[in-house]
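Here the sequence shown is numbered in the UniProt record's numbering, starting from 1 and rising by one per residue.
A hint or two may mislead.
Ranges between beta-carbon positions, derived for each pair [what the hints assert, rightly or not]:
hint	residue 1	residue 2	range
1	157	100	23 to 33 Å
2	23	157	18 to 28 Å
3	52	102	32 to 42 Å
4	170	93	29 to 39 Å
Below 25 Å or equal to it, Euclidean Cα-Cα: the simulated SDA-like pairs (lysine to any residue) are [as the list claims (entries may be wrong)]:
hint	residue 1	residue 2
5	193	170
6	193	109
7	193	65
8	193	116
9	193	166
10	193	151
11	136	65
12	193	117
13	136	97
14	193	69
15	136	170
16	136	78
17	136	116
18	193	40
19	193	176
20	136	69
Hints in this document: simulated from the structure, not taken from any laboratory.
Bear in mind that the values here come from a model prediction, so they are computed numbers and not experimental data.
Cβ atoms here follow ideal geometry from the backbone N, Cα and C, with glycine treated the same way.
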Amino acid sequence: MFTGIVEEIGEVVAVEFGAESARLTVRGPLVVSDAVHGASIAVGGVCLTVVDQPGPGTFTVDVMQESLRRSSLRDVAPGRRVNLERALAAHGRLGGHIVQGHVDGTGTITARTPGDAWEVVRIAVPADLARYVVEKGSITVDGTSLTVSAVSAVEEDEPWLEVSLIPTTLDLTTLGSAPVGTTVNLEVDVLAKYVERLNAFGRAGGASA
Numbered sequence: 001m002f003t004g005i006v007e008e009i010g011e012v013v014a015v016e017f018g019a020e021s022a023r024l025t026v027r028g029p030l031v032v033s034d035a036v037h038g039a040s041i042a043v044g045g046v047c048l049t050v051v052d053q054p055g056p057g058t059f060t061v062d063v064m065q066e067s068l069r070r071s072s073l074r075d076v077a078p079g080r081r082v083n084l085e086r087a088l089a090a091h092g093r094l095g096g097h098i099v100q101g102h103v104d105g106t107g108t109i110t111a112r113t114p115g116d117a118w119e120v121v122r123i124a125v126p127a128d129l130a131r132y133v134v135e136k137g138s139i140t141v142d143g144t145s146l147t148v149s150a151v152s153a154v155e156e157d158e159p160w161l162e163v164s165l166i167p168t169t170l171d172l173t174t175l176g177s178a179p180v181g182t183t184v185n186l187e188v189d190v191l192a193k194y195v196e197r198l199n200a201f202g203r204a205g206g207a208s209a
């Protein structure tokens with residue numbers, strides 16, 4: 001489990017694509033400093049397992065087809081900057097919100113509006129994820145825990161959400177330099193998905209009673 005508090009910006013230094021998978025080597029001196037084989041590190045919001053440490057400050061991870069299909073890692077190339085976070089220690093602080101590192105899909109940055117000390121970023125959201133997003137709720141964007149500051153109306157054909165990035169987020173995550181058109185990984189609040197699933201079973205049980 002993660003909290004969406006990015007620890008450092010890493011860099012993808014090597015990529016090997018297979019038929020239905022990929023192997024990435026990432027430079028991240030902080031997050032790999034105490035890593036062991038099998039450790040979990042969120043790379044751009046995707047929970048991945050350390051399988052090798054080929055050199056100082058680097059680690060290697062395998063990415064399966066499901067993760068490639070749902071995330072922007074399907075288009076990753078050497079030189080790509082990625083947000084990195086180690087798994088939460090049991091005694092750690094939950095500084096953001098409960099983040100699984102299980103990316104639900106991708107969105108696209110469609111606008112950036114600067115303020116005096118922050119920036120409002122609008123992201124187009126897939127219709128099948130929009131129902132889980134609420135104003136003042138939590139959303140994970142490229143592994144960064146953020147508060148939703150505005151959402152599109154339910155009846156809009158092209159749903160979107162907005163987040164407001166403070167100077168720290170702009171400086172210490174990849175979102176600070178991501179231009180309009182950037183594809184970002186999205187993980188919605190897992191609690192919303194549980195509620196939807198429970199309600200579906202409740203309705204099915206009621207109908208068959």
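* Would you check the hint for residue 193 and residue 69, treating anything up to 25 Å between C-alpha atoms as holding? => Distance of about 20 Å is within 25 Å: holds.
* Kindly confirm whether 32 to 42 Å is satisfied by the beta carbon distance between residue 52 and residue 102. => violated, 23 Å
* Agreement of residue 136 and residue 116 with the hint, judged by alpha carbon distance not exceeding 25 Å -> This hinted pair holds, its Cα atoms lying about 21 Å apart.
* Asked: Quick one, are residue 193 and residue 116 close enough, alpha carbons at most 25 Å?
  -> Violated - the C-alpha atoms of residue 116 and residue 193 are around 36 Å apart, more than 25 Å.
* Is the Cα-Cα distance between residue 193 and residue 176 25 Å or less? -> Judged against 25 Å, a Cα distance of about 29 Å means the pair is violated.
* To do: Below or equal to 25 Å on CA atoms is what counts here, so check residue 193 against residue 109.
  => Since the Cα atoms of residue 193 and residue 109 sit roughly 24 Å apart, the hinted pair holds (cutoff 25 Å).
* Asked: Taking 25 Å as the top limit, are the C-alpha atoms of residue 136 and residue 65 close enough?
  -> violated, 33 Å
* To do: Below or equal to 25 Å on CA atoms is what counts here, so check residue 136 against residue 78.
  => violated, 36 Å
* If you draw a straight line from the CA of residue 136 to the CA of residue 69, is it 25 Å or shorter? -> Not satisfied, since the Cα-Cα distance of roughly 28 Å exceeds 25 Å.
* Take the C-beta atom of residue 157 and the C-beta atom of residue 100, compute their distance, and say whether it sits inside 23 to 33 Å. => Once the Cβ atoms are compared, 30 Å apart, the range 23 to 33 Å for residue 100 and residue 157 holds.
* To do: Mind checking the alpha carbons of residue 193 and residue 166 for me, to see if they're no more than 25 Å apart?
  => It is violated: about 28 Å lies between the C-alpha atoms, which goes past 25 Å.
* Given the hinted pair residue 136 and residue 97, is their alpha-carbon gap at most 25 Å? -> holds, 13 Å
Comparing the model with each earlier hint shows violations of hints 2, 3, 4, 5, 8, 9, 11, 12, 16, 19, 20; every other hint is respected.
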